[in-house]
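Participant: For reference, the chains in residue letters:
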Amino acid sequence: MSILTWTYIIVGASFGLYMYIAWASRVKDTKGFYVAGGGVPPLANGMATGADWMSAASFISMAGIISFGGFQGSVYLMGWTGGYVLLALLLAPYLRKFGKFTVPDFVGDRYYSRTARIVALICAIFVSLTYVAGQMRGVGIVFSRFLEVDVNTGVIIGMCIVFLYAGLGGMKGITWTQVAQYVVLIVAFTIPAVAISMKITGNPVPQLGFGGTIEGGTYGGRFLLETLDAINQDLGFAAYTAAYGPGQKPMLDVLCITLALMVGTAGLPHVIVRFYTVPTVRAARLSAGYALLFIALLYTTAPAVAGFARYNMVDTLNDKPYAAAPQWFKDWEKTGLIAWLDKNGDGMIQYRAGAAFTGKLQFSGQTGPHGEPLLKNAPTNSPNELYVDNDIMVLANPQIANLPNWVVALVAAGGLAAALSTASGLLLVIASSISHDLYYRIVNRKASEKQRLLLGRVMIGLAVLAAGYFGINPPGFVAQVVALAFGLAASSFFPILVLGIFSKRVNREGAIAGMVAGIGFTMLYIVQTKFMGMKPWLWDITPEGIGAVGMVINFAVTFLVSAMTPPPPQEIQDMVESVRIPKGAGAAVDH
Amino acid sequence: MQPNLQEYWKRNLRLMVVLLAIWALVSYVFGIILVNELNAIRLGGFPLGFWFAQQGSIFTFVILIFVYVARMRKLDKEYDVEE
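Chains as they are written, first to last, in the working numbering: chain S, 1 to 591; chain E, 1 to 83.
Where hints are given, some of them may not hold.
As the list claims (entries may be wrong) - In silico BS3-like cross-links for lysine-lysine, where the CA-CA straight-line distance does not exceed 25 Å: (1) Lys-504(S) <-> Lys-10(E); (2) Lys-77(E) <-> Lys-583(S); (3) Lys-249(S) <-> Lys-535(S); (4) Lys-583(S) <-> Lys-10(E); (5) Lys-334(S) <-> Lys-10(E).
What the hints contain is simulated information worked out from the structure, not anything from laboratory work.
Can you build the whole structure from these sequences, using the hints too?
Facilitator: Written out as structure tokens, the structure is:
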């Protein structure tokens, strides 16, 4: 059977499964809708959190980014896993004991302030909207690459699916669908990884093959990483495993980016809310452990895939005639993920450091003397003739490893599972922020259970429409605002959540001032450097890492202002003490 | 707070500080600050600093959380604060 037929079968079957789960777990009350009834077992919650967390970017793009960046890719690996240690030790158990529905709930109650609640609410919506726009685009891209439909049609199909299971089942539907989606995505990622590890190193475990020796070929018998270092240097790149050389990020920037991503992870509302869905404090700790374990399965495989793909790409393409390029090169050339510009007219592919051409890739529609599609782009001075998109490292893997067509289809289903699961978790945060935090807590305290549930569903619908709109008309700045999402989560929520638990003295005035100062600084810096073209003026820290500085500012301002203003009322101090003790957590309650 | 609960909280904090110190050591110190120095040491085919940055730190993070879960479970029992 062809790849396309297989893709329709496997993607169709996975969607059928999600629909069935949605129907089986439909809910009738707000507790089910917002926190899945508070009864999700830790193992299932761990899987759901893993799927929620790992987006299309983790599944499709991350290995490619590491493949081209070598050591520099480590910021994503450590940054997007280390935050779970902070969550497990500093936040999850205590927020579970506190036992409300959302992050603004905690901020509003702990800091006895409507202003603090509203600031938190705006941050939660902004962070989640930023994120979800990218996910819907991811859904569209996977559809268009594997199912040969238009990107926009893909986005609309994705919107319908997410609306069905999120609207029907709320958090409960989302959670159980995410469990299924985790299984689909991890299987889809692992099978090609194992196959390519076998092919290159003869070791079926990618994490070990990564440190093993290459089998056969010019470099046979040498260590893979040693070879990659040598290849990279021959071609004019920095050594694969080395850090802080010319053209690489300086150490301070690597430290700041890693810290901002870790702390941002621990401050993201759609991740935090997952720990409200488990029955006990102990289950909250345990499910953070399971979540990281399930995430680590993919995150320790991805750098290995990156290494194998890098070696394979250079080995099969560099200084080889275009006419002899493998079939996957020709297949993915059609999609514009890879392109060749024969600058010196020798018919050979030269891969070197530097961009091959200027501007965004555009095919002219004509064919060159070697059968290659010609480009409209102007060549650069660099001897490099090859353009390779990050995403190809994962997408072309099954073909590179000569796997059967159904594996290619499975990778498509995996990419969709990763994008849909993250999108649904984010949409629920947006819907609950508006229907619960804004409408019920601030506008109308007398709303009935039925009204609130209906409003929740309507809000999911609206959020899906908004996300779909951004998916179809992606604002040019989506890639830039992801830095903003992490920076904001790091500089707003994380410090005041942690201080709210570990300090009884921190008060309303401190928290509001801290949040405003942290966000204000981070936003200003990102806008200046990303949108106004200013140079990173603070010790060369890039906008991706500035959230770490914003966090420190937030901590400092919160402390200082709290020390100069009266301590919080006795009942708040008692509440903080009770949050610290697991006893008597009960299910998540609604006041 | 009752004195025994204060002691429970102190022991929780002590455990937390130790685990977070290890968290920072494997990622920020081994994986970032000392990466080039540690790369001189080999772990099979891995330069050690690079291994910490792309594999070792992640394995350690997972272990840290499970150690925390187990220790806190014991502590909860000892001070009778389980749910």
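Participant: State for each hint whether it applies.
Facilitator: Hint check results:
1. For the hint pairing Lys-504(S) with Lys-10(E), the CA-to-CA distance comes to about 15 Å; that is within 25 Å, so the pair holds.
2. For the hint linking Lys-77(E) to Lys-583(S), the alpha-carbon distance of about 11 Å falls within 25 Å, and the restraint holds.
3. Proposed proximity of Lys-249(S) and Lys-535(S) is supported: the alpha carbons are some 15 Å apart, at most 25 Å.
4. Proposed proximity of Lys-583(S) and Lys-10(E) is supported: the alpha carbons are some 17 Å apart, at most 25 Å.
5. The hinted pair formed by Lys-334(S) and Lys-10(E) fails the criterion: a straight-line CA distance of about 62 Å is larger than 25 Å.
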